[in-house]
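Enquirer: Protein chains in written order, with the numbering used here: chain A, 1 to 254; chain B, 1 to 302.
Worth double-checking, as some hints may not be accurate.
Below, in silico cross-link-like pairs of lysine-lysine (BS3-like), each with a Cα-Cα straight-line distance of 25 Å or less [unchecked claim]:
#	chain 1	residue 1	chain 2	residue 2
1	A	Lys132	A	Lys181
2	A	Lys240	B	Lys76
3	B	Lys205	A	Lys192
4	A	Lys230	B	Lys76
5	B	Lys249	A	Lys39
6	A	Lys2	A	Lys80
7	A	Lys230	B	Lys205
8	A	Lys230	B	Lys211
9	A	Lys169	A	Lys142
Computed, partial: chain B to chain A, Cβ under 8 Å [stated by the list, open to error]:
#	residue
10	Gly22
11	Phe24
12	Arg59
13	Gly217
Interface residues of chain B toward chain A, partial, derived using beta-carbon atoms under 10 Å [to be verified]:
#	residue
14	Glu29
15	Asp32
16	Glu62
17	Pro64
18	Gly66
19	Asp271
Treat the hints as calculated values from the structure; they're not laboratory data.
Ideal placement from N, C-alpha and C gives every residue a C-beta, glycine not left out.
For reference, the chains in residue letters:
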Amino acid sequence: MKNLTVEEVSFPHQRYVLIKLTDQQPLPDILPGQFVEVKVDGAPNTFLRRPISVNYVDRNKNQLWLLIQLVGEGTRTLAKLTPGDCLNVVFPLGNGFSMPTDTNCDILLVGGGVGVAPLLYYGEQLKDKGFKPFFLLGARTKNDLLQIPLFQQFGEVFITTEDGSMGEKGFVTNHSVLGKKAFSHIACCGPKPMMMSVARYALANNIPCQVSLENMMACGLGACLCCVEKTVKGNVCVCKEGPVFDIRQLTWEL
Amino acid sequence: MSNLNIKIGDLQLKNPVMTASGTFGYGLEYADFVNLSDIGAIIVKGTTLHHREGNDYPRMAETPSGMLNCVGLQNKGVDYFCNNIYPQVKDIDTNVIVNVSGSTPEDYAECAARIDRLEKIPAIELNISCPNVKDGGMAFGVTRKGAAEVVRAVRARYHKTLIVKLSPNVTDITEIAKAVEDEGADAVSLINTLMGMAIDIERRKPVLSIKTGGLSGPAIKPVAVRMVWQVARAVRIPVIGLGGIMNAKDAIEFFMAGASAIQIGTANFIDPTVSVKVRDGINQWLDQHKVSSLSEIIGTVD
Ligand SMILES: Cc1cc2nc3c(=O)[nH]c(=O)nc-3n(C[C@H](O)[C@H](O)[C@H](O)COP(=O)(O)OP(=O)(O)OC[C@H]3O[C@@H](n4cnc5c(N)ncnc54)[C@H](O)[C@@H]3O)c2cc1C
Ligand SMILES: Cc1cc2nc3c(=O)[nH]c(=O)nc-3n(C[C@H](O)[C@H](O)[C@H](O)COP(=O)(O)O)c2cc1C
Ligand code: FES
Chain A
1 MKNLTVEEVS FPHQRYVLIK LTDQQPLPDI LPGQFVEVKV DGAPNTFLRR PISVNYVDRN
61 KNQLWLLIQL VGEGTRTLAK LTPGDCLNVV FPLGNGFSMP TDTNCDILLV GGGVGVAPLL
121 YYGEQLKDKG FKPFFLLGAR TKNDLLQIPL FQQFGEVFIT TEDGSMGEKG FVTNHSVLGK
181 KAFSHIACCG PKPMMMSVAR YALANNIPCQ VSLENMMACG LGACLCCVEK TVKGNVCVCK
241 EGPVFDIRQL TWEL
Chain B
1 MSNLNIKIGD LQLKNPVMTA SGTFGYGLEY ADFVNLSDIG AIIVKGTTLH HREGNDYPRM
61 AETPSGMLNC VGLQNKGVDY FCNNIYPQVK DIDTNVIVNV SGSTPEDYAE CAARIDRLEK
121 IPAIELNISC PNVKDGGMAF GVTRKGAAEV VRAVRARYHK TLIVKLSPNV TDITEIAKAV
181 EDEGADAVSL INTLMGMAID IERRKPVLSI KTGGLSGPAI KPVAVRMVWQ VARAVRIPVI
241 GLGGIMNAKD AIEFFMAGAS AIQIGTANFI DPTVSVKVRD GINQWLDQHK VSSLSEIIGT
301 VD
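So that you can see chain A by itself, here it is in the shape it has in the complex (with noise of 0.2 Å):
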């Protein structure tokens, strides 16, 4: 547990901030895809901490942001967050995504809303450790879509938009890079009805498929059993055992 100093507060759209906060110490190693449990003072109905997944981390700056969409008391309180105010949060939670050890595979990264949040720093881990990743986005229209640039850094962008605002128009599933390219591993984060046709589509395609989950969380730490998800192993922890999970492992029905 550690207080964190806010350094930059963003919107990158209206209903998104993205807060950027800075360690006095060198921050830990964290991996990409694990997670913060964030207390949210001032905001009377928000008890708990939330869960917020880590989105980038910026080692040179000894920065850690979130991105973080705005959909309740808890969320709309961090968004009120102005430079030099104090964060308090456990981290880093869970487990994070895998790598794969032949750097020559081809590795797609799906992200849908605010799903794409861990994807930026799992993009730049893979980048950094010389793979070549490849992300394919999806949201409801062209303004839904965060931080497009900076993936483009780390590696080929492919996008899709309900309305066709901007990219393709449909699902990510819908994307006509996944008839032309044959990848050798997925990883997903977003809307659970999007991972489960990503992972639908995987399982057809058969290629190992790696999904984030977002249950609801109380501890974060593996101690209240409260954010289960049901997999071959019997009720597993999210928080500890997760968020990310191998979709051979989830007893979802695809």
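Starting from the known structure of chain A, arrange chain B with the ligands on it as the hints suggest.
Expert: The following block gives chain B with the ligands in isolation, referenced to the frame of chain A:
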């Protein structure tokens, strides 16, 4: 520094702060945050004779100043505890207490008997008050007869300190407390969660998978203080108080109401170091008020 030592049955506590069952895992989950040996006792997850998968997700809902849960006693069973968890917790330099649940008095007794053999477990806490499973003991905990029956069965086969955890979901909690005292309980702990419910108005459905759940957190504190106060007056055995304790001031309220020790539950989720902060805060308060021993304030409110 005031004297924080407390004795409950044969259990010697270096300080009166315990962590509540189901909220602190096996303690190990919190080892990165606190020095576990600074805690008076760690009460580990609810353990049953056989493996239990627990209830379906969703198992929690945030509510004003608290939360509902319906975990439903997910655990791998007592033998798994003895073989796999016990070796990891037995060298923690504090009291590790196992919280025991069951669906029949025989289950409870058998589970307790297997834990009796574990040298480094000085006590058990019988959960006769879980609201989240049909057969989770609450049926026992809500009648004098049921409570007495379970405690009698366990007492016959468990020889160390026996704490019985009471349900607040009753008309008169002192009746139940007296019944378990008569059967040989060494202490009572209260309260377990209050049965509650939350509805998702957009889906027009209950939030929790099994519809109802147990309410915990500051929302229940006044109810807990009242019940501790009532029970402390009704029984001679020590009372362990819990329910919504977030800080040392809350803990002092429970001591004044008659608790000899306290447990911290839901607060661990918000601040994983809270147990040690509460211990330090109790010390500070006693120092500031020139109280040399915790026992001087226990049950001082009439
Ligand atoms: C591992 C993980 C990583 C996440 N990463 C991000 C991220 O990078 N960016 C982002 O914007 N959101 C992320 N979320 C979701 C985020 O935690 C919720 O949107 C947030 O907690 C909502 O809080 P609120 O008070 O604004 O809304 P509330 O009014 O409390 O709730 C609105 C909705 O948010 C969800 N939610 C509320 N509380 C929790 C909780 N304790 N755990 C999980 N979901 C909850 C529920 O679906 C709820 O219906 C993540 C969730 C998890 C579990
Ligand atoms: C997620 C969760 C799981 C719990 N599991 C158990 C349990 O297994 N056995 C038990 O006796 N009490 C269990 N409880 C109840 C707590 O130990 C405690 O009695 C209750 O939460 C009130 O205290 P609090 O307000 O400090 O949390 C659980 C509570 C929560 C929130
Ligand atoms: S949130 Fe408590 S176990 Fe996952």
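Enquirer: Tell me the numbers of any earlier hints that the structure contravenes, in ascending order.
Expert: none
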